[in-house]
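Spelled out from the first residue to the last, the chains are:
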Amino acid sequence: MQRHSVSGNEFVAVTAETPGSAKPDPILIADHITRTFGGLTAVNVDHLEIQRGSITALIGPNGAGKTTFFNLLTGYDAPNSGTWSFNEKALNGIPPHKVARLGMVRTFQLTKALYRLTVLENMALGARGQKGESLLTSLFPWVWKAQEREIQEKAISILTNFKLIDKKDDFAAALSGGQRKLLEMARALMVEPEMVMLDEPMAGVNPALKQSLLEHIKELRTQGKTVLFVEHDMDMVHEISDWVIVMSQGQIIAEGTPTSVMKNEHVIEAYLGAHHDVDLSAEGEKK
Amino acid sequence: MDFLFIIQQTLSATIGVNTIIFALAAIGLNMHFGYTGLLNFGQAGFLAIGAYSVAVPVISFGLPLWVAFLIGIFNSVIFALILGVPTLRLRADYLAIVTIAAAEIVRQIARSATFNSTLGGSDGITGKFGAEFFALNPFKSGLNTPILRFNANDLWVVITGWLLVALIVFLMWIMVNSPWGRLMRAIREDEDAVRSLGKNVYLYKMQSLIIGGVIGACGGFVYALSRQSVQPDNYGTALTFFAYTVLILGGAARVFSPVIGAMIFWFLIVFIEQVLRQGVTNNLIPDWLIGANQVSQIRFMLMGIGLMLLMIYRPQGIFGDKKELALDAKA
Numbered sequence: 001m002q003r004h005s006v007s008g009n010e011f012v013a014v015t016a017e018t019p020g021s022a023k024p025d026p027i028l029i030a031d032h033i034t035r036t037f038g039g040l041t042a043v044n045v046d047h048l049e050i051q052r053g054s055i056t057a058l059i060g061p062n063g064a065g066k067t068t069f070f071n072l073l074t075g076y077d078a079p080n081s082g083t084w085s086f087n088e089k090a091l092n093g094i095p096p097h098k099v100a101r102l103g104m105v106r107t108f109q110l111t112k113a114l115y116r117l118t119v120l121e122n123m124a125l126g127a128r129g130q131k132g133e134s135l136l137t138s139l140f141p142w143v144w145k146a147q148e149r150e151i152q153e154k155a156i157s158i159l160t161n162f163k164l165i166d167k168k169d170d171f172a173a174a175l176s177g178g179q180r181k182l183l184e185m186a187r188a189l190m191v192e193p194e195m196v197m198l199d200e201p202m203a204g205v206n207p208a209l210k211q212s213l214l215e216h217i218k219e220l221r222t223q224g225k226t227v228l229f230v231e232h233d234m235d236m237v238h239e240i241s242d243w244v245i246v247m248s249q250g251q252i253i254a255e256g257t258p259t260s261v262m263k264n265e266h267v268i269e270a271y272l273g274a275h276h277d278v279d280l281s282a283e284g285e286k287k
Numbered sequence: 288m289d290f291l292f293i294i295q296q297t298l299s300a301t302i303g304v305n306t307i308i309f310a311l312a313a314i315g316l317n318m319h320f321g322y323t324g325l326l327n328f329g330q331a332g333f334l335a336i337g338a339y340s341v342a343v344p345v346i347s348f349g350l351p352l353w354v355a356f357l358i359g360i361f362n363s364v365i366f367a368l369i370l371g372v373p374t375l376r377l378r379a380d381y382l383a384i385v386t387i388a389a390a391e392i393v394r395q396i397a398r399s400a401t402f403n404s405t406l407g408g409s410d411g412i413t414g415k416f417g418a419e420f421f422a423l424n425p426f427k428s429g430l431n432t433p434i435l436r437f438n439a440n441d442l443w444v445v446i447t448g449w450l451l452v453a454l455i456v457f458l459m460w461i462m463v464n465s466p467w468g469r470l471m472r473a474i475r476e477d478e479d480a481v482r483s484l485g486k487n488v489y490l491y492k493m494q495s496l497i498i499g500g501v502i503g504a505c506g507g508f509v510y511a512l513s514r515q516s517v518q519p520d521n522y523g524t525a526l527t528f529f530a531y532t533v534l535i536l537g538g539a540a541r542v543f544s545p546v547i548g549a550m551i552f553w554f555l556i557v558f559i560e561q562v563l564r565q566g567v568t569n570n571l572i573p574d575w576l577i578g579a580n581q582v583s584q585i586r587f588m589l590m591g592i593g594l595m596l597l598m599i600y601r602p603q604g605i606f607g608d609k610k611e612l613a614l615d616a617k618a
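Chains G and B supply the protein sequences, listed in that same order.
The letter at position 96 of the first sequence is residue 96 when you use my numbering, and the numbering goes up by one with no holes.
Each number in my numbering corresponds to the 1-based position in the second sequence with 287 added.
Hints may contain errors.
Unchecked claim - Away from chain B, derived, C-beta distances all over 12 Å, residues of chain G:
no.: 1; residue: V12
no.: 2; residue: G20
no.: 3; residue: D25
no.: 4; residue: I29
no.: 5; residue: G82
no.: 6; residue: S85
no.: 7; residue: S157
no.: 8; residue: A203
no.: 9; residue: E219
no.: 10; residue: D235
no.: 11; residue: M262
What the hints assert, rightly or not - Derived DEER-like restraints, expressed as beta-carbon distance ranges:
no.: 12; chain 1: G; residue 1: V143; chain 2: B; residue 2: W353; range: 23 to 33 Å
no.: 13; chain 1: G; residue 1: V143; chain 2: B; residue 2: P373; range: 25 to 35 Å
no.: 14; chain 1: B; residue 1: I365; chain 2: G; residue 2: H47; range: 45 to 55 Å
no.: 15; chain 1: G; residue 1: A146; chain 2: B; residue 2: I384; range: 37 to 47 Å
Stated by the list, open to error - For lysine-lysine, the following DSSO-like pairs were computed, each having C-alpha atoms within a straight-line distance of at most 30 Å:
no.: 16; chain 1: G; residue 1: K168; chain 2: B; residue 2: K609
no.: 17; chain 1: G; residue 1: K163; chain 2: G; residue 2: K210
no.: 18; chain 1: B; residue 1: K609; chain 2: G; residue 2: K163
no.: 19; chain 1: G; residue 1: K131; chain 2: G; residue 2: K98
no.: 20; chain 1: G; residue 1: K167; chain 2: B; residue 2: K609
no.: 21; chain 1: G; residue 1: K89; chain 2: G; residue 2: K218
no.: 22; chain 1: G; residue 1: K98; chain 2: G; residue 2: K218
no.: 23; chain 1: G; residue 1: K167; chain 2: G; residue 2: K210
no.: 24; chain 1: G; residue 1: K210; chain 2: G; residue 2: K168
If you're looking for bench data, these hints aren't it; they were derived computationally from the structure.
Glycine residues also receive a C-beta, built at the ideal position from the N, C-alpha and C atoms.
Generate coordinates for the entire structure from the input sequences, incorporating the hints supplied.
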């Protein structure tokens with residue numbers, strides 16, 4: 001298939017709805033990735049491509065290996081075999097902080113707000129290339145003060161957008177669960193990533209905040225960023241994702257648009273079991 | 288009872304040599320534990336390395352004292368690297384185990400018969416290795432006032448020691464209030480989150496371990512110089528835990544808390560001891576209750592009770608923020 005640049009979700013029309021299908025302009029490509037824990041094969045992904053500038057959802061039943069796969073892609077865990085690349089740069093053996101510097105920034109299923117730092121400090125931490133973070137220059141405030149002011153301004157503008165500005169001087173621990181999710185996402189944006197990996201961004205978030213989180217994720221696509229997220233909330237998956245990848249027992253079993261994937265029999269089977277609409281009781285047998 | 292004597296002894300100890308040593312040890316721990324969350328249980332090892340590095344090069348190799356100071360800093364950096372390289376990639380508890388063992392290894396090597404000729408075995412090293420330092424002493428006589436009393440050498444150690452503490456506290460204050468310090472506190476909270484923001488956590492933890500260790504070694508310099516002697520058994524685990532006591536007494540992750548903590552620690556110990564001693568010698572405390580030679584043990588018991596009360600009624604320490612401490616539960 002010819003690879004060319006397509007904007008937004010136009011790629012959907014030209015992409016095959018088969019597991020591991022090729023995308024017109026992939027930002028992330030993974031091949032033959034396996035990860036075993038003892039006898040259990042947690043991840044066994046043959047081929048995967050993520051379209052640049054799209055919102056892609058990674059779904060699957062509990063224990064499908066979604067978070068493990070996330071950890072492998074972002075360098076938090078090492079696979080037993082396989083290769084993967086981001087922006088055509090191989091990521092094998094690259095530690096997590098370098099993956100983040102390359103432009104792929106993740107969040108965590110269990111939110112990792114830095115509790116005894118204020119909200120603003122949490123944000124400022126995300127900024128790249130800070131002169132004041134080097135041991136020697138930290139001793140000379142006049143070297144980093146100007147840059148620090150710019151970082152604070154940027155943090156404040158993002159916090160305003162995320163409606164966390166009133167909380168900027170509170171400890172992150174004082175935020176509600178949903179607000180911490182927002183903070184984590186806002187903080188990831190301080191890194192200026194090209195691709196954002198969100199691990200269950202909606203878990204434990206109340207409906208009102210959920211709506212605002214959705215808007216922020218859509219906004220990322222508008223800014224040309226790529227989003228890959230793990231989620232159980234099907235309404236959300238349906239509402240915002242351009243493309244859905246379904247994992248089950250470590251493998252990718254289906255890919256496609258949200259509507260088609262949810263009709264896919266393999267997907268229904270993975271979630272509900274092969275005989276979910278068959279009466280297996282003794283009476284059913286007789287019939 | 289001689290109240291003036293009690294006051295004089297207590298105040299002299301409050302700003303005395305031991306306070307400086309413990310303050311330096313605890314400032315180092317504050318860098319490790321308070322700001323970065325590194326559980327270093329081997330701070331005594333850093334002090335021992337500082338102390339021996341001052342004594343050995345001068346006594347055994349005839350090097351000038353300032354070279355010995357440089358050797359001490361170099362050695363403590365090397366010690367931090369030895370501790371950090373294998374453990375800082377692992378979970379925090381591994382560092383705790385390795386450091387407590389490594390500090391004991393340092394002490395056991397120092398007191399071993401094998402190195403008797405250079406390190407002095409279990410007797411340690413006694414000699415005039417600080418001669419160059421005391422030659423600079425402008426004070427010909429000591430200080431003898433009703434409330435403070437130091438001999439000439441101690442006065443010189445105390446003044447230079449407090450200047451050193453002031454310099455280190457000042458540098459610490461700048462550093463922890465910079466983006467570097469913010470990054471350190473972030474690592475204390477959750478290192479995986481910090482990694483996800485593109486920061487090399489391992490490198491920063493190593494920096495923290497080295498800086499805190501070098502500050503601890505400075506405590507060892509003062510320890511050795513003030514006594515003109517190095518005894519291996521002074522650098523046991525008790526020293527580390529007293530340093531932690533000092534840190535927690537003041538309140539972790541506050542720049543001044545190790546200094547105030549050390550002052551309170553030595554104020555209480557000497558005050559309790561002097562009161563008991565005066566009480567016993569003046570027969571105010573009956574012999575069947577406390578004998579003269581039990582005083583130095585009982586002062587630690589009373590100190591322990593005092594610390595328990597502090598932990599119950601003011602767990603955040605003197606300077607700590609109770610609100611901040613409560614967040615530690617990671618609700």
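Checklist entry - Can the suggested window of 45 to 55 Å be confirmed for the beta-carbon pair B:I365 and G:H47? => result holds, 49 Å
Checklist entry - Is the Cβ of G:E219 more than 12 Å away from each Cβ in chain B? => result Fine: 20 Å to the nearest Cβ keeps G:E219 off the interface.
Checklist entry - Is 23 to 33 Å right for how far apart the beta carbons of G:V143 and B:W353 are? => result holds, 30 Å
Checklist entry - B:K609 and G:K163: Cα distance at most 30 Å? => result holds, 28 Å
Checklist entry - Since G:A203 was said not to touch the interface, does its Cβ keep a gap of more than 12 Å from each Cβ of chain B? => result The claim holds: G:A203 sits with its nearest Cβ about 16 Å from chain B, beyond 12 Å.
Next on the checklist: So if I understand the rule, the pair passes when the alpha-carbon distance is 30 Å or less; does G:K163 with G:K210 pass?
Outcome noted: holds, 13 Å
Item to check | Assertion that G:S157 lies outside the chain B interface [Cβ separation over 12 Å] | outcome: Answer for G:S157: holds, closest chain B Cβ roughly 18 Å.
Checklist entry - Checking the smallest CB distance to chain B, is G:M262 really beyond 12 Å? => result holds, 31 Å
Checklist entry - Is the gap between the beta carbons of G:A146 and B:I384 within 37 to 47 Å? => result Cβ of G:A146 to Cβ of B:I384: about 44 Å, so the range 37 to 47 Å holds.
Checklist entry - Between G:K167 and G:K210, does the CA-CA distance stay at or below 30 Å? => result Roughly 19 Å between the alpha carbons, so the hint for G:K167 and G:K210 holds.
Item to check | Least C-beta distance from G:G82 to chain B larger than 12 Å | outcome: The claim holds: G:G82 sits with its nearest Cβ about 21 Å from chain B, beyond 12 Å.
Next on the checklist: What's the verdict on G:K98 and G:K218, does the C-alpha distance respect the 30 Å limit or exceed it?
Outcome noted: Holds, because 26 Å separates the two Cα atoms, which is no more than 30 Å.
Comparing the model with each numbered hint stated earlier shows that all of them hold.
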